[in-house]
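For the protein sequence lines, the chains are D and F, in the order given.
First residue of the first sequence? That's 1016 in my numbering, and the numbers climb one at a time after it.
First residue of the second sequence? That's 62 in my numbering, and the numbers climb one at a time after it.
By construction, these hints were calculated from the structure, which means they are not laboratory data.
Don't take every hint at face value.
[Said to hold, decoys possible] What the simulated footprint calls covered on chain D by chain F, stretch by stretch (three residues with Cβ under 8 Å from a Cβ of chain F suffice, anywhere in the stretch; the number is not a length):
(1) 1050–1064
(2) 1285–1296
[As the list claims (entries may be wrong)] Ranges of calculated distance between the beta carbons of each label pair, as one might list FRET restraints:
(3) F:Ser68 x D:His1284: 53 to 59 Å
(4) D:Gly1311 x F:Leu74: 51 to 57 Å
(5) D:Thr1356 x F:Arg223: 46 to 52 Å
(6) F:Leu74 x D:Pro1323: 49 to 55 Å
(7) F:Ser68 x D:Asp1468: 17 to 23 Å
(8) D:Leu1331 x F:Leu70: 37 to 43 Å
(9) F:Arg196 x D:Ala1260: 35 to 41 Å
(10) D:Gly1238 x F:Arg196: 40 to 46 Å
(11) F:Asp241 x D:Gly1058: 38 to 44 Å
(12) F:Arg196 x D:Gly1311: 16 to 22 Å
[To be verified] Below, in silico cross-link-like pairs of lysine to aspartate or glutamate (DMTMM-like), each with a Cα-Cα straight-line distance of 25 Å or less:
(13) D:Lys1375 x F:Asp167
(14) D:Lys1454 x D:Asp1477
(15) D:Lys1375 x F:Glu238
Note that beta-carbon positions come from the ideal geometry of N, C-alpha and C, so glycine has one too.
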Amino acid sequence: MICCLASDASSPGDPAALEAIARACSPRVAPHGDTAVLFDARGLSRLFGSPEELARDVHRLAAERGVAVRVALASTSTAAWILAHARPGSTVVPPGRDASVLAPVPMGWLATLPEIALTPEAPLRRKRSRAGHYRMAPGPDASQTSNFKLRTSKLTIATIERWGIRTLGDLARLPRADVHARLGPIGVRLHQAACGEDAAPLVPADEAVPWVERLECEWPIEGLEPLSFVLARLCETLSVRLEQADRGATEVMTRLRLVTRDVHTRTLHLPAPMRDARGLRTLMLLDLESHPPPAGIDVVEVELGVAPGRIVHGSLLSRPVPEPDQIATLTARLGALMGETRIGAPVLVDSHDERQCAMKRFQIRDDQAKSPKPENFLASGFSPLACLRRFRLPIAARVTVDRHTPVRVVPSARGVTGGAVVACAGPWRTSGYWWALDKSGWDRDEWDVELADGGVYRLARDRSSGGWVIEGTVD
Amino acid sequence: MKSAALSRLESLLQEKRLDQTVTRSWLPEPGVSALSSGIAQVDRMLGGGWRRGEVSELVGTRSSGRTSVLLSTLARATSQGDVVGLVDAFDRFDPTTAAAAGVDLDRVLWVRGPSLTVESARPDRLTDAVHHAIRALDLIIRAGGFAVAALDVADVPSRYLRALPWTTWLRLAHANEGRDTVCLLVGEAPMGKSPRGTSVRLTSTHQWTGASAQSRRFGGMEIRACTSTVVGQTFRSADEAGPEGPAYVPSKALAPRTSHHAPRTHDLLSCL
Chain D
1016 MICCLASDAS SPGDPAALEA IARACSPRVA PHGDTAVLFD ARGLSRLFGS PEELARDVHR
1076 LAAERGVAVR VALASTSTAA WILAHARPGS TVVPPGRDAS VLAPVPMGWL ATLPEIALTP
1136 EAPLRRKRSR AGHYRMAPGP DASQTSNFKL RTSKLTIATI ERWGIRTLGD LARLPRADVH
1196 ARLGPIGVRL HQAACGEDAA PLVPADEAVP WVERLECEWP IEGLEPLSFV LARLCETLSV
1256 RLEQADRGAT EVMTRLRLVT RDVHTRTLHL PAPMRDARGL RTLMLLDLES HPPPAGIDVV
1316 EVELGVAPGR IVHGSLLSRP VPEPDQIATL TARLGALMGE TRIGAPVLVD SHDERQCAMK
1376 RFQIRDDQAK SPKPENFLAS GFSPLACLRR FRLPIAARVT VDRHTPVRVV PSARGVTGGA
1436 VVACAGPWRT SGYWWALDKS GWDRDEWDVE LADGGVYRLA RDRSSGGWVI EGTVD
Chain F
62 MKSAALSRLE SLLQEKRLDQ TVTRSWLPEP GVSALSSGIA QVDRMLGGGW RRGEVSELVG
122 TRSSGRTSVL LSTLARATSQ GDVVGLVDAF DRFDPTTAAA AGVDLDRVLW VRGPSLTVES
182 ARPDRLTDAV HHAIRALDLI IRAGGFAVAA LDVADVPSRY LRALPWTTWL RLAHANEGRD
242 TVCLLVGEAP MGKSPRGTSV RLTSTHQWTG ASAQSRRFGG MEIRACTSTV VGQTFRSADE
302 AGPEGPAYVP SKALAPRTSH HAPRTHDLLS CL
């Protein structure tokens, strides 16, 4: 027996209240959006009595919370859902009579079914409320798919209505194979719903637990050192809770209420679920070191966004790589030392301008860690190459040119000796972004030159200004 | 064949747990894990590759091939699925040539120092940059799990490195002891390798191809390497170690550049 609670049209939807009512009756609850919740009512007879008495108790609980609800109890989730939305008050369907009770319901109520009625945003809310901690990122494909399914389902219902089928009973009487032949899988699902059949079993969601720890200080905290003790205490408590629930923190929000009544908030996004108290505290402290609170702290609150714990199988054949939490701690420490923008993995820029480079966040994906390239390195086509050391701030130079070829280089900086050119190759002409108005364009000739000091340098001449620079050395 | 006195001395040091403080042999012992440099001649000279858990050095003058050997080592490590850390004291690393040399950039933790022109920067900024770079290297080593932790101070004037406390390198060696990490220092002169680490001094001759000015290309470098395990000791050359001679490092990353010329207005007009 499944019970469905739906917000009555006369009162605004209160998803928290609906879920609380359902959890007061049963531990197996599946919230759906803001206006409905399903729960498993099997085995509740010793607590609540008959299904009618259960429905009355649900109404009483709703009245205590000031919420007007519609209640339906049926053998399947689909039947309970449709009846709760279609009929006011309480509806109790005797076992095995779902199809007959659904028969007079108009076709339009099929559109309220969760798999049909959910808008692209709704699945997100549903997932989040189910587990209370999932950070779902459906991406454009998922939303497009939802949009498509929604549009197709509503069109299918309209098509069925144009056939003259007005009630669910009319639809249920049609042969399912013929419906499938004409309307495809969506038609079959609608036919199943009209018969009161479920497409999937009820999937209960855990109760959302707030992962928050808070500490009010007797005296305002000044400085990070005393704060570290407070954070350590909060993190240890949270770590124990995470361990018990087999969860890991993916997001850490630190809220510091200051003596000035302002709230200093910092949010850390972790690359992998972590539950190590020491690591979490270190990351928070490093972040607060870079962004310190402007005044003394009265209240410290730490809130976690959590995800299921990571299950990792180590390989006996490959060398272990640093764990994501180790990488997070290391990059946070390095960021505090060198600057956050100076740490990362290098990225090639899609440009003909070889001077450009970029960085991205350094992280090791699990599939990266497990897929090393072939062991036979030398046989795999790699060979050592002469590489360039690039001066990010090029050194200006005076270059003497004879017959369009550099013959002498006198750099402005003392470190590069300069002198006569022993050998040179070039020019390699590159240009680009000449259409841009923001002076990002370039038009230059490049030379590889070997000077008398034994160094091989790359020279560049800007064709618009005629100025020469030393861009780097081959080393 | 070791003498009896040497063996006894070694066993005594081992008892006192001081055996890590002295050099016993310049060649790695059998069974000691080593990471290939990706260059056969250098590997053979090192006795299999860079020793893990030790601090080694790549030293040489400008254009001697230090960066090429370093990137070859990084390419070798990343090709095996390892991750590497590169502390670039003055921001000289060029991702384009590194990628061309076979380095898997996703597996490189690049720590960029300030983009300084060494000769025109204030001394205190240079000192800070060197200190920060060494501290960053220490953090990477202590984090563990990196196959290579490299410190590129090739453009740092030697007076700044000499001004560092002598314990700096000792601490680095101690931090790396027993780990699976190859710590590589890249500089102009020997700095502070660990007792069992190796100093590789590089010299090179440059190859230019093409007979005429129009056809001339920078063809690559012929690198000669010699090693030492004790600072101040005479370097042993690769030629002594074997008959293969110097390693040739072509400039594939540089030479095949074509004259890419995006169309510009006046060029189009001149074509017309």
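Evaluation of the provided hints:
1. 1050–1064: Coverage by chain F is violated here, the residue count being 0 at a Cβ distance below 8 Å.
2. 1285–1296: Not satisfied, violated; 0 residues make the cut.
3. F:Ser68 x D:His1284: 53 to 59 Å: 57 Å, holds
4. D:Gly1311 x F:Leu74: 51 to 57 Å: 55 Å, holds
5. D:Thr1356 x F:Arg223: 46 to 52 Å: 31 Å, violated
6. F:Leu74 x D:Pro1323: 49 to 55 Å: Given a distance of about 51 Å, which is inside 49 to 55 Å, the answer is holds.
7. F:Ser68 x D:Asp1468: 17 to 23 Å: 48 Å, violated
8. D:Leu1331 x F:Leu70: 37 to 43 Å: 39 Å, holds
9. F:Arg196 x D:Ala1260: 35 to 41 Å: 38 Å, holds
10. D:Gly1238 x F:Arg196: 40 to 46 Å: 22 Å, violated
11. F:Asp241 x D:Gly1058: 38 to 44 Å: 56 Å, violated
12. F:Arg196 x D:Gly1311: 16 to 22 Å: Violated, since Arg196 (chain F) and Gly1311 (chain D) (Cβ atoms, about 30 Å apart) do not stay within the stated range.
13. D:Lys1375 x F:Asp167: 9 Å, holds
14. D:Lys1454 x D:Asp1477: Distance ~13 Å between Lys1454 (chain D) and Asp1477 (chain D) Cα, so the pair holds.
15. D:Lys1375 x F:Glu238: Measuring from Cα to Cα gives roughly 31 Å; hence the hint is violated.
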